[in-house]
Amino acid sequence: MPNERELDELCKYIVTKGKELGATHVEARAQSGVELETEVELGQVSTVSNKMNEEIAIRLYVGKKMGCAFTNIPTREAADEALELAIAAANATTEDADWVGLPVKSKYPKVEELWDDSVPKSDSSDVVRIVGTLIDRASSAVEGLIPAYGASGALAYHSAYANSNEVEHSEKSTNGYVVIGGVSQTESGMTPMVVSYDIRRGLKLDLDFVVEDLATMMKLCKIPKKGKTGKHTVVIAPHAYQQIFEYTLLQSVRGDNVARGKSKIGDKIGEAIASEKITVVDDGLNPRGVNTSCADDEGVPRQKTPIIEDGILRSFLWDTYWANKMGVKSTGNARRNMRQGLVEIASTTIVVEPGEREIEEIISGIEHGYYIRGVQGAHSSNPESGDFSVVGNPAILIENGKMVGAIDGLMVSGNAFDILKQVEEVARMPFYLQGTIGPEIVFRDVDIIAKE
Amino acid sequence: MFDELEKAVETGRNLGAEYVELRGESGFIEYIQMEDRNVNALTQRLERGIAIRVLVDGAWGFVSTGDLSAIDFGVESAFKMAKAAAKTRKDPIALAEVKAFEKKETLDIERDPRHVPIEEKIKYMDDMTTHIRDFDDRITAVTVKVRTASGHKYLVTSEGTRIQSQSTLVWAYPWVSGKEGTKLSAARYEEASTHQGWEYLEQVATPEYVGLNAAEKVKLQLEGTPAKGGSFPCVLGPRVIGVLAHEALGHLAEADLTINSSFNGKVGEVVGAEGVNMTDDGRMPGMLGTSGFDDEGVPSSRVEIIKDSVLKELMTNREYAAKIGQRPTGNARAESYLFPPIIRMRNTMFEPGDFSPDELFEGIKFGYYCADFRGGQAQMNASFQVGIQEAYEIVDGQLGQPVTDLSISGIATDSLFKIEGVAKEEFPWEAGRCGKGQEAFVSSGGPRIRFLEGGITFGGVTN
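Sequence lines, in order, name chains A and B. Here numbering that gives the first Met the number 0 is used: the first residue of the first sequence is 0, the next is one more, and so on. Here numbering that gives the first Met the number 0 is used: the first residue of the second sequence is 0, the next is one more, and so on.
None of these hints come from the bench; they were simulated from the model. Possibly wrong hints are sitting among the right ones.
[Stated by the list, open to error] Calculated lysine to aspartate or glutamate pairs in the EDC-like style (CA-CA distance at most 20 angstroms, straight line):
1. B:K182 x A:D417
2. B:K122 x A:E94
3. B:K178 x A:E398
4. B:K265 x A:E186
5. B:K79 x A:E451
6. A:K63 x B:E118
7. B:K144 x B:E201
8. A:K63 x B:E17
9. B:K82 x A:D125
10. B:K364 x A:E451
11. B:K144 x A:E343
12. B:K306 x B:E424
13. A:K50 x B:E75
14. A:K324 x B:E424
15. B:K89 x A:D135
16. A:K324 x B:E118
17. B:K178 x A:D417
[Stated by the list, open to error] Calculated Cβ distances over 12 angstroms to all of chain B for the following chain A residues:
18. G21
19. E38
20. E170
21. A345
[To be verified] Here are the computed distance ranges between Cβ atoms for each label pair:
22. A:K420 x B:S355: 47 to 55 angstroms
23. B:R282 x A:E360: 57 to 65 angstroms
24. B:K86 x A:A140: 19 to 27 angstroms
25. A:K276 x B:P225: 24 to 32 angstroms
26. A:A96 x B:R301: 37 to 45 angstroms
27. B:R137 x A:T132: 15 to 23 angstroms
28. B:T105 x A:M0: 30 to 38 angstroms
29. A:H367 x B:E438: 55 to 63 angstroms
30. A:M428 x B:E438: 34 to 42 angstroms
31. B:R282 x A:E8: 49 to 57 angstroms
Each residue gets a CB set at the ideal place from its N, CA and C atoms; glycine is no exception.
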């Protein structure tokens, strides 16, 4: 696997060569990765895999005409071929009058602990052992558990970026993870799959947390309950609201959607769009964030961007293209689909500021309500209107201050921008998920439709 | 590429692997995205890669690499990884026996997308934008995506299979946004072919056809009334029935998922109302999910999942066929060399019944007709959800006003018994992509079907 210095050299070569070939502006991003992973089926490790990937993406301009190219071969010869394709593409396309320029030089933040040596030093037996231990412990903790799915991984990446504005940056990062998806037989069929995981920079993973989290949910899922249609208090776990927000709120704070008139809150900066109990930050520098890095995918420094502060809309998220067009500064939120050549605006880690009370205390005060741990169908939400209509699954009934069992086929409907105003409280203890760090949020008067 | 793959198979065999499978790919792949007439992505790439899968002591090792000079290293790594996994297994993985094939599969393509000028592709997208913009003044933003691919796949196994197949893809997808006052809405549509070249977008999925299918839905949403939450009698149209077949039932009938789902142990049992028949067929000429062989070299086939209301057969790969004692159905598919093959659907449908379409609407005092969807998802407890982007009220047996975004759900094992009528009619298929950890191009469809109240739950406003 080429290291970040070798990738850096390749990126600089591409920039120089691209200009020689007639491009007026050139950028290159290169990434190499080794992904050592296991997969568990029916409670046993079925596959160990190793994906060795090299990816080199080029974006260049001839005047204001843009072309991209990709190669998975990290050599100068392959880069030359890719450059020719990118130049040909730029020459064939139309001029983009809105394009201003590529990113310029900036100072990068120091982010500690992105790399953990335990990951590149691990081998097949390490990842097999981690997931095997988890399966064994979870099976002991949950009677009747069927570990339907499981996986573990040790992932190491090197990346580099260079452009014709003399921006040069390289870095490396690792991730270790373990995940389990459990089901259990019930009298009438099967429970929903409950998924629990831990993901960090290294392989010191918290199996105790994963087992306890899974066991708590599985025990509830095995007790069938009925729901009631109507407007109810609903506690939504971050596993669920991260999906609903991904397809509604977070689409509306993307600068490109704001600029194109596709955001319902595009003209609401400085206004209250949510309950004052809600503060949401995009934190590209959070040490527990899986997407944390020094720079985004076009070499712009990552940062911490407040989105909603005490209910007030504070900022949108930007990449360089749309920030330039709208006369603002990039917030370091560019994400590049390497193979497609598409640079899009994407959140890094969404952090919901915790409240003061533990979730158990909050639930103890709810006479009738629902705890939604996961949802089905968030991706079918309407990102522009904010309307969503999902199945809560698992959906847990709260009765007389306690979680008492699970309901099949419970629908949760609403509008993301409306329910943000219906936040009653935020719990104290955050979950550390991929892309989201936050505790449960309690919403009042949410439309619940129970299956008859 | 065959020579390199065969050499690697030999390496795996010499190491002592029970089974060695090498898949190679080489081809042209292209992605173009246009936003409000500006091209913001235009990437053409030539990509080659190898997938190595070995079965050793009853466990799999898998390596993917783009570096063809590293094949032997990859085989050795896969062998070691399988060994590490095998030590932990109580039941060794076995494969159902299949016939080895030596075949060369070709396609009849008129215009290889690789050789279609970029200018022509951009014009296609620009024309689509024009059709969409001209359809309604309230349309505010248009994004058009086009993907094409053209190449070859190679499969060599230690059992003597040696298959070369030609691959192609043309895919068009508009996302359209509309605004009226403070009301915003959006809709999408997609069409694709894995058997024809650029001519499919010229002659079938034309800019006008694809563009207007998305634009019309935005208009309906802007003019629609909110859905009521609850359970209502309803008729689901072919595009929604197709996705229901895929999400609600198809996934439960994929043997790797069945075993952990509410369908487990139900083969041979009645699982639906009278007249319910559902099939997955990988042999239908020209369809999106059709191919001669799967990625394990097993011929594609027709799987009668539900026959006369009885769960009859599951979709399998070689591993699960051996595990459950059923035939391999040719449903092992891999997105690319970056992934191992897993059980996937191909062309999934409800079979036509014997109701006239008009009969399906008769007697419904209030209900919904769902015509088009946007996404869907299944869960192991047979719970399904389908987002609906085009729906109408049914009032006194007649189609009424359009309805804004909603979604429908149900528990498949219950809903199937609430089917009250299946239309006897030809139906259009919808082109889709399934994401079960990897992308697979699939098609789904079925005639219009009526459900009793209690079969389908509608997400929406409650009183």
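Outcome of the hint check:
no. : hint                                : result
1   : B:K182 x A:D417                     : holds, 14 angstroms
2   : B:K122 x A:E94                      : holds, 14 angstroms
3   : B:K178 x A:E398                     : violated, 42 angstroms
4   : B:K265 x A:E186                     : holds, 14 angstroms
5   : B:K79 x A:E451                      : violated, 53 angstroms
6   : A:K63 x B:E118                      : holds, 16 angstroms
7   : B:K144 x B:E201                     : holds, 16 angstroms
8   : A:K63 x B:E17                       : violated, 56 angstroms
9   : B:K82 x A:D125                      : holds, 13 angstroms
10  : B:K364 x A:E451                     : holds, 19 angstroms
11  : B:K144 x A:E343                     : holds, 14 angstroms
12  : B:K306 x B:E424                     : holds, 18 angstroms
13  : A:K50 x B:E75                       : holds, 14 angstroms
14  : A:K324 x B:E424                     : violated, 52 angstroms
15  : B:K89 x A:D135                      : holds, 13 angstroms
16  : A:K324 x B:E118                     : violated, 26 angstroms
17  : B:K178 x A:D417                     : holds, 18 angstroms
18  : G21                                 : holds, 16 angstroms
19  : E38                                 : violated, 8 angstroms
20  : E170                                : holds, 22 angstroms
21  : A345                                : holds, 15 angstroms
22  : A:K420 x B:S355: 47 to 55 angstroms : holds, 48 angstroms
23  : B:R282 x A:E360: 57 to 65 angstroms : holds, 60 angstroms
24  : B:K86 x A:A140: 19 to 27 angstroms  : holds, 24 angstroms
25  : A:K276 x B:P225: 24 to 32 angstroms : holds, 27 angstroms
26  : A:A96 x B:R301: 37 to 45 angstroms  : violated, 54 angstroms
27  : B:R137 x A:T132: 15 to 23 angstroms : violated, 57 angstroms
28  : B:T105 x A:M0: 30 to 38 angstroms   : holds, 37 angstroms
29  : A:H367 x B:E438: 55 to 63 angstroms : violated, 42 angstroms
30  : A:M428 x B:E438: 34 to 42 angstroms : holds, 36 angstroms
31  : B:R282 x A:E8: 49 to 57 angstroms   : holds, 51 angstroms
The earlier numbered hints that this structure contradicts are 3, 5, 8, 14, 16, 19, 26, 27 and 29.
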